[in-house]
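Chains as they are written, first to last, in full-length UniProt numbering: chain A, 1 to 480; chain B, 1 to 204.
The set of hints was computed from the structure by calculation and includes no laboratory data. Treat the hints with care, as some may be off.
[To be verified] In silico BS3-like links for lysine-lysine, alpha-carbon gap of 30 Å or less: (1) A:Lys189 - B:Lys50; (2) A:Lys202 - A:Lys103; (3) A:Lys202 - B:Lys50; (4) A:Lys207 - A:Lys189; (5) A:Lys41 - B:Lys50; (6) A:Lys202 - A:Lys189; (7) A:Lys201 - B:Lys50; (8) A:Lys189 - A:Lys41.
[As the list claims (entries may be wrong)] Reference excerpt, derived from the structure (chain A facing chain B, CB under 7 Å, subset only): (9) Arg92; (10) Val169; (11) Glu259.
Yeah, the Cβ is synthetic: ideal placement off N, Cα and C, and Gly gets one too.
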Amino acid sequence: MARNPVTWMGVPTFPKAAQEALGDSQLRSNLRHATHTIRDKRAAAVGEVPDWERLRRAGEAIKDETLAHLDTYLQKLEAAVTSRGGVVHWARDAAEANAIVLKLARAAGADEVVKVKSMATAEIGLNEALEEGGVTAIETDLAELIVQLGNDRPSHILVPAIHRNRSEVREIFRNQMPEAPADLSSEPKALAEAARRHLRKKFLSAKVAVSGANFAVADTGSIMVVESEGNGRMCLTLPQTLITVMGIEKLVPTSRDLEVFLQLLPRSSTAERMNPYTSMWTGVTPGDGPQEFHLILLDNGRTATLSDPVGRQALRCIRCSACLNVCPVYERTGGQSYGSVYPGPIGAILTPQLVDDPHDKQAASLPFASSLCGACFEVCPVRIDIPEVLTHLRARAVAEKSKMSPEALAMSAMATMFADPRKYALAQRAGAAAAKLAPSGSVSRLPFPGSRWTATRDMPMPATESFRTWWKTNRKDSDE
Amino acid sequence: MSDARTAILHRVRDALSDRPMAGDIPRDYDLHRDYPDLLELAQERIADYKADVRRVSPAQVGTEITAALARRGAARVIAPPGLPTDWRTPEVTWLDDTPLGLDELDAADAVVTGCAVTIAETGTIVLDAGPTQGRRALTLVPDYHLCVIEAHQVVATVPEALARLDTTRPLTFISGPSATSDIELDRVEGVHGPRTLDVLLIES
Ligand code: SF4
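One chain only, chain B, in its complex shape:
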């Protein structure tokens, strides 16, 4: 295949023999925009995708996690390796990713994670496979994902989020639960990814 490589690079250089000059890239778009209440914006925008989003105080997190899992009837819940201990509420059975096999992931009721960063404007949660999130399969196979976001992880814009991320880590950007509009453009939630996404926003 090195033949193909040489040939293609050769063709590219030939094609560019007129030496097109690309101008400078204008970066005058907004990197940041100010909002009076970022958490409120995040809550509104994530909820727009039909996710259930609640703002909670740091002291309430444990109770709220228990309540959310109970509301969804989740008893066997996956915990990424670095899930904070006070999030591991005693009311459910926690499954540690030892690692778990695919059928074990499939049989679990839910997964609880943190996040790397959240984009308020677009209502997007970004996971970077860090300790509170674990490998990508954990948030993919179970049908219910409960994500806990801390106030300091919320930024306003897409450029701010990317600036915070190490893009060479495995990244997953999540905006609401799985959805399709392929049949007559009727939006249906829950195709292959988790059907339900709940979010707890911890106020600082």
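Isolated chain A (complex conformation):
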């Protein structure tokens, strides 16, 4: 079987990558600013909603219902989309999905497609696959455009270029946008204007657009995309052909269910009462929008995830990114350390399950990229018990290894340590002390049981403070 591109090729495992990221103080201060800003705003947006907990319970139950009868709902969706003039395709893996998109783009006579930001197409490495087939994919979301033009990797689900500051963005635009003015300033307003000019012609002339889907309604075949900039509306409205790539878990049974998610998603994600634009379409509408619509239903590890009774709850995820913004590990290491399109707490549980390959060391290291503080569960709008899945996957990762390998011993030592708060705190305090003695910031030896881990690798230890100590202080700050 071909490698699942959900993890990036040639990047180190989490502990190694995290160690490097921790040395980058610019990155850490960017991230700290970003995560704290969104976190505080989100708390206010959620605090406004008196029935938030009831909405969360409903969201959880709707997604569980969908997953429990996924075969039925998928077939309903297929029938509804087809009866409205759309065409449904099924793709077992990334290669299959990419091949379908490429074939459709070629059939439409396009050597260029405009894209709405989408996790599913990032997950399958669509842009690279299209490029190989001679079709250029143009990211139209500002952050994705910054990542694309900068030849970079995304670092956040919602704001993929969060690790870049304005002067870096300006440099990228000046080097990569032929029409960018020589005196382009680093004001976000000027940069957004440059992006607008750069993309305008593309929107007005593109024949084919590719999008993901936030939600699909099984009984009507309606698809919903949530966004801010209007680039989504441009892509979903102007080109003749629209191709939507959607994970098979992205549906809800009825259109009524949208009343729950349209409340949960924007407040959890951008901390707004509502995101600026939401588009919804059902098949093809004569005279309005694309006249050819293709929906690609993507598995790529989702059925494997579904088969695990504990791990399957990760498929409830609506990709709001709230869990990233509260995660002390994410805040310090940044999204790229996770080596996957899905960073942060959700990435730590989703990526290894989607990859579903015990030999993928990078994916296997991810369930250990957490301090199990539980903040991710508290903010998750669909109540995914991320800490529960993390411990479950740790146990699984350990069990996959032979008992005698140093890897297994290290993993199990880490698992014991992380699972027991007292031992964890002790080891971390020891680590912090060690960090003081090691000015390079890298800790290569830890006391037992951490020593089992550091015997085979360096331990990434953040400065002199444990995540828990840090978290406590931090929580106090935000309460003030």
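Take the given structure of chain A and dock chain B with the ligand to it, following the hints.
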């Protein structure tokens, strides 16, 4: 590709062989909430997104439309097919969607529309491509959107709005003008969608 279809459905059934039971979906969240003045709430919440929102009496609509278009310097204005005649004020040139080509939409100064429903709590205007709104491209390409909302179209909550909508029509939910926060989380209005959104709320 039917192979893939069979395989995926097969895998799904295999994966669910433990027959997980999903409980009932609790719908005890609020469908409606009472507010003393819905229009006031709508005005405040839409304005929160940096849109200009004014409350007007039914008799004033024509003058207010003229004034708003003049303030923004809009002379060539797109009219959806069912725009009420008293909204088509004589001071500007109206472009009927015959349909218009993309470059004609791009060259227009503004579009004036009605709406299907407006959600006061979230400050969201919903267009459903009805006669007062037209196809989706009309409110997307021009840089300025003036939306006229009638009092009876305003509801309090998201569930109330969805209950009123036919979700199989092409829908656009608009909450303020186009915006991005992608650079250092600094909010910038106007990226690709209309840079300016003005709203007139007609009191009943
Ligand atoms: S796991 Fe929950 S909090 Fe994290 S992105 Fe998914 S839905 Fe949001």
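Hint check:
Distance hint between lysine 189 of chain A and lysine 50 of chain B is fulfilled; the C-alpha atoms sit about 15 Å from each other, no more than 30 Å. For a cut-off of 30 Å, the pair hint linking lysine 202 of chain A to lysine 103 of chain A stands: about 21 Å separates their Cα positions. For the hint linking lysine 202 of chain A to lysine 50 of chain B, the alpha-carbon distance of about 28 Å falls within 30 Å, and the restraint holds. Note on lysine 207 of chain A and lysine 189 of chain A: the hinted pairing holds, with a Cα-Cα distance of about 29 Å set against a maximum of 30 Å.
A hinted pair counts as satisfied when its Cα atoms are at most 30 Å apart, and lysine 41 of chain A with lysine 50 of chain B qualifies at roughly 17 Å. Among the hinted pairs, lysine 202 of chain A with lysine 189 of chain A is consistent with the structure: their alpha-carbon atoms are about 20 Å apart, no more than 30 Å. The hinted pair formed by lysine 201 of chain A and lysine 50 of chain B meets the criterion: a straight-line CA distance of about 27 Å does not exceed 30 Å. Restraint check for lysine 189 of chain A and lysine 41 of chain A: the C-alpha separation of about 21 Å stays at or below 30 Å, so the hint holds.
With 7 Å as the threshold, the beta carbon of arginine 92 of chain A comes within range of chain B, its nearest partner Cβ sitting at about 5 Å, so the hint holds. Interface hint at valine 169 of chain A: satisfied, since its Cβ lies 6 Å from the closest Cβ of chain B, which is below the 7 Å cut-off. For glutamate 259 of chain A, the interface hint holds, the least distance from its beta-carbon to any beta-carbon of chain B being 4 Å, beneath 7 Å.
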